[in-house]
Amino acid sequence: MTETTDLIPRTLDAAALGADEPAWLADLRRAGLSVYRERGLPTVKVEAWKYTNLSGLTKIPFTQDDGALGPSDGAGRGALDLPDVHQVMLVNGRAVSLPGDLPAGVRMVRLSHLLATEPETVRPHLGQIADLSDAPMGSLNAALMGDGLVILVAPGVALDKPIHVVSVTDAPDGARHVHPRHLVVMGEGADATLVESRVTAPGAAESLSNAVTEIRLEARARLRHLRLVNVASEAVDLDLTETTLDADAAYDAFTLTLGGRLVRNEGRVRLRGTGAEARLHGAYGAAEGHHIDTTLVVDHAVADAISDQHFKGVVDAGGRGVFQGKVIVRRDAQRTDGNQLHQALLLARGAEVDTKPELEIYADDVKCSHGATIGELDPDHVFYLMARGIPESEARALLVEAFLDDVVEAVPEGPLREAFLGAVRVWQARRHAATWEA
Amino acid sequence: MALLEIKDLHASLEDDTSKAILKGINLTINPGEVHAIMGPNGAGKSTLSSVIAGRPGYVATSGSILYDGQDLMDMEPDERARAGVFLAFQYPVEIPGVAMATFLKTALNARRKARGEPDIEALDFLKAMKANAKRLGVAEDMLKRPVNVGFSGGEKKRVEILQMAMMEPRMCVLDETDSGLDIDALKIVADGVNALRSPERGMLIITHYQRLLNYIVPDVVHVLAGGRIVKTGDKTLAETLEAEGYAAFTDAAAA
Numbered sequence: 001m002t003e004t005t006d007l008i009p010r011t012l013d014a015a016a017l018g019a020d021e022p023a024w025l026a027d028l029r030r031a032g033l034s035v036y037r038e039r040g041l042p043t044v045k046v047e048a049w050k051y052t053n054l055s056g057l058t059k060i061p062f063t064q065d066d067g068a069l070g071p072s073d074g075a076g077r078g079a080l081d082l083p084d085v086h087q088v089m090l091v092n093g094r095a096v097s098l099p100g101d102l103p104a105g106v107r108m109v110r111l112s113h114l115l116a117t118e119p120e121t122v123r124p125h126l127g128q129i130a131d132l133s134d135a136p137m138g139s140l141n142a143a144l145m146g147d148g149l150v151i152l153v154a155p156g157v158a159l160d161k162p163i164h165v166v167s168v169t170d171a172p173d174g175a176r177h178v179h180p181r182h183l184v185v186m187g188e189g190a191d192a193t194l195v196e197s198r199v200t201a202p203g204a205a206e207s208l209s210n211a212v213t214e215i216r217l218e219a220r221a222r223l224r225h226l227r228l229v230n231v232a233s234e235a236v237d238l239d240l241t242e243t244t245l246d247a248d249a250a251y252d253a254f255t256l257t258l259g260g261r262l263v264r265n266e267g268r269v270r271l272r273g274t275g276a277e278a279r280l281h282g283a284y285g286a287a288e289g290h291h292i293d294t295t296l297v298v299d300h301a302v303a304d305a306i307s308d309q310h311f312k313g314v315v316d317a318g319g320r321g322v323f324q325g326k327v328i329v330r331r332d333a334q335r336t337d338g339n340q341l342h343q344a345l346l347l348a349r350g351a352e353v354d355t356k357p358e359l360e361i362y363a364d365d366v367k368c369s370h371g372a373t374i375g376e377l378d379p380d381h382v383f384y385l386m387a388r389g390i391p392e393s394e395a396r397a398l399l400v401e402a403f404l405d406d407v408v409e410a411v412p413e414g415p416l417r418e419a420f421l422g423a424v425r426v427w428q429a430r431r432h433a434a435t436w437e438a
Numbered sequence: 001m002a003l004l005e006i007k008d009l010h011a012s013l014e015d016d017t018s019k020a021i022l023k024g025i026n027l028t029i030n031p032g033e034v035h036a037i038m039g040p041n042g043a044g045k046s047t048l049s050s051v052i053a054g055r056p057g058y059v060a061t062s063g064s065i066l067y068d069g070q071d072l073m074d075m076e077p078d079e080r081a082r083a084g085v086f087l088a089f090q091y092p093v094e095i096p097g098v099a100m101a102t103f104l105k106t107a108l109n110a111r112r113k114a115r116g117e118p119d120i121e122a123l124d125f126l127k128a129m130k131a132n133a134k135r136l137g138v139a140e141d142m143l144k145r146p147v148n149v150g151f152s153g154g155e156k157k158r159v160e161i162l163q164m165a166m167m168e169p170r171m172c173v174l175d176e177t178d179s180g181l182d183i184d185a186l187k188i189v190a191d192g193v194n195a196l197r198s199p200e201r202g203m204l205i206i207t208h209y210q211r212l213l214n215y216i217v218p219d220v221v222h223v224l225a226g227g228r229i230v231k232t233g234d235k236t237l238a239e240t241l242e243a244e245g246y247a248a249f250t251d252a253a254a255a
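Which chain is which? The protein sequence lines are V and S, in order. Here the numbering used here is used: the first residue of the first sequence is 1, the next is one more, and so on. Here the numbering used here is used: the first residue of the second sequence is 1, the next is one more, and so on.
Hint data in this document are derived by calculation from the structure and do not stem from the laboratory. Treat the hints with caution; some may be incorrect.
[Stated by the list, open to error] Short, incomplete list of chain S residues facing chain V, as computed with Cβ under 10 Å: (1) G69; (2) E94; (3) Q163.
[Said to hold, decoys possible] Over the 10 Å line for every Cβ pair with chain S, so calculated as not near, a few chain V residues: (4) E120; (5) D131; (6) D134; (7) G275; (8) K326; (9) G371; (10) P379; (11) E392; (12) A395; (13) A402; (14) F403.
[Said to hold, decoys possible] Calculated from the model, a selection of chain S residues having no Cβ within reach of chain V, i.e. all distances over 12 Å: (15) A60; (16) V85; (17) R112; (18) G154; (19) A195; (20) D219; (21) E239.
From the three backbone atoms N, C-alpha and C, an ideal C-beta is built for every residue, glycine too.
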């Protein structure tokens, strides 16, 4: 019989959870524990996890991160290289450096610090934005949540430059699981660009990062949320981000995922104010041994809101892409405009993509669309480029970049877009190198 | 040494090698010469250009093609291009997402890299591109657009010649470059091609009609029918064909 690991030891006493924390937080942990104990690690029989199998996790001898690690040598490798940003580095969720020159009205603080010093600042939001009762891994995060980053932007404040969070997962001395918990609250009319690079520390053992991020956008707030997930081939990286938008708020998200043994980017957006707009765009590249899952739920709770999901995947032999996109239009959400499109490019035989679009519409005056395509590189395109002297590998790389072109446009032009394109180019070069070695 | 020397070339589609399309082509083009190949539909004209350029799906089952003394069959399409063989496509493909200028620069730099030269200076590149665009009546904003996307048939052909001018090949193969061109565009394209005629460069102009040859006057004209060159002559052969049609040759090839 193989030994299996339980992420929550059976012996853990619910009453002991959060013993030295505020009662409301302890309650939050116990609620999470109860859901997770009831449901356990999701299996492929759970519809939302149909294509992403976590059973391999039980074979890894994990221990929970203790929140004490500092940055190792080379920590942050693989992150975006961005000039002129407010940069912060997190190791297993805990900030190891915080920028000192933030403009007035902007706070970036460790969650642990806020909980210890002013819990009432966190209380109205933490666990209030995300409903995790149907999310087993989110519930696990609630039960075990470690440190994380809190970003608070006061009403009317526009950030002078982007925030860049370099989030490093490290497991220097054996497999670790870690449950970072982040919170972003943007006051009325606030405006910010939040860039995240999720990477693994060089030389880390196997890891499970199971993060939850809650984002609240108050009326007319605008957040551009750009993410690079560039984790190691041994890393399992689960992220659940839940965003609520009040009236006329705008959430522009772009997620680029380039690897990882198993990555799941789960995005839940609740449009609860009229005129709110959410654009969830992204791209991923899955090479051999990589599994990249994008699961989105956009909930139109009120009338006159707009949502747009557009993801593109590039999948190589032995790689797998999963896209589950759901749009819910509630009874009152008249004149909803909701679109969804997933397009995959298969680079070789043995690449796999699973797509599941879902529309749940209860209003009658709506404009909703969904689409999914799967294709290959056009050999006529490859030949045309080669006929001009461009070597095949370069021609293919150029065409892959061209395929991703329209989703990458979601990233503001300039150094940000260049950085994301640079990451795509590094991924392609690495992929070609691997092909040649084989 | 001949620039291009085709000997007893037999070729077919890769999926059906039992059916020969080219059945023993012999053709020698020396530096400085412009040859025209004329022929009816189905004669094998496009197969010939495809085999020279190395298009996937076509195979030479026997015979040889030497370019500047090198066996083209041993070279990938990109190697052929970098060595100086250029095919102006009959149907240039549209490639969304790749800007024309990026494509041209990448192609030029691939050639330079193969020769051990550094990348082209951005300014030199822009200057050359603008000068060629002007000469060929290509609007500059077209060069900012994705490769061939939304271009009219005539614009695509002009841009093919623009690429040819930028690449400075030694052996130019023009596959039905006249198709889809009105008379004004035809003249512009022909002027562009004529400007590239030089004592070092060879050209092979493949066409169905004689019209283009009024503007690009060939040194030698071949008639291709039924996969073979059935007649070779000077420029007057093109006029004869225009007047009398291909019937005499197709009948001869079938016989």
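Consistency of the hints with the structure:
1. G69: At 19 Å from the nearest chain V Cβ, G69 (chain S) fails the 10 Å test, so the hint is violated.
2. E94: Status holds, d = 9 Å.
3. Q163: 7 Å, holds
4. E120: About 50 Å separates E120 (chain V) from the closest Cβ of chain S, which puts it past 10 Å; holds.
5. D131: Fine: 39 Å to the nearest Cβ keeps D131 (chain V) off the interface.
6. D134: Per Cβ check, D134 (chain V) is outside 10 Å of chain S; nearest 38 Å; holds.
7. G275: 32 Å, holds
8. K326: Since the minimum Cβ distance to chain S is about 28 Å, K326 (chain V) lies beyond 10 Å and the statement holds.
9. G371: 17 Å, holds
10. P379: Nearest chain S Cβ is 6 Å from P379 (chain V), so the label is violated.
11. E392: At roughly 7 Å from the nearest Cβ of chain S, E392 (chain V) sits no farther out than 10 Å, so the non-interface label is violated.
12. A395: 8 Å, violated
13. A402: 3 Å, violated
14. F403: 6 Å, violated
15. A60: 16 Å, holds
16. V85: Not fine: 9 Å to the nearest Cβ puts V85 (chain S) too close to chain V.
17. R112: 10 Å, violated
18. G154: Its Cβ never comes within 12 Å of chain V, the nearest being 19 Å, so this holds.
19. A195: 20 Å, holds
20. D219: Holds: least Cβ distance 25 Å, greater than 12 Å.
21. E239: 32 Å, holds
Checked against the numbered hints above, the structure breaks hints 1, 10, 11, 12, 13, 14, 16 and 17 and satisfies the rest.
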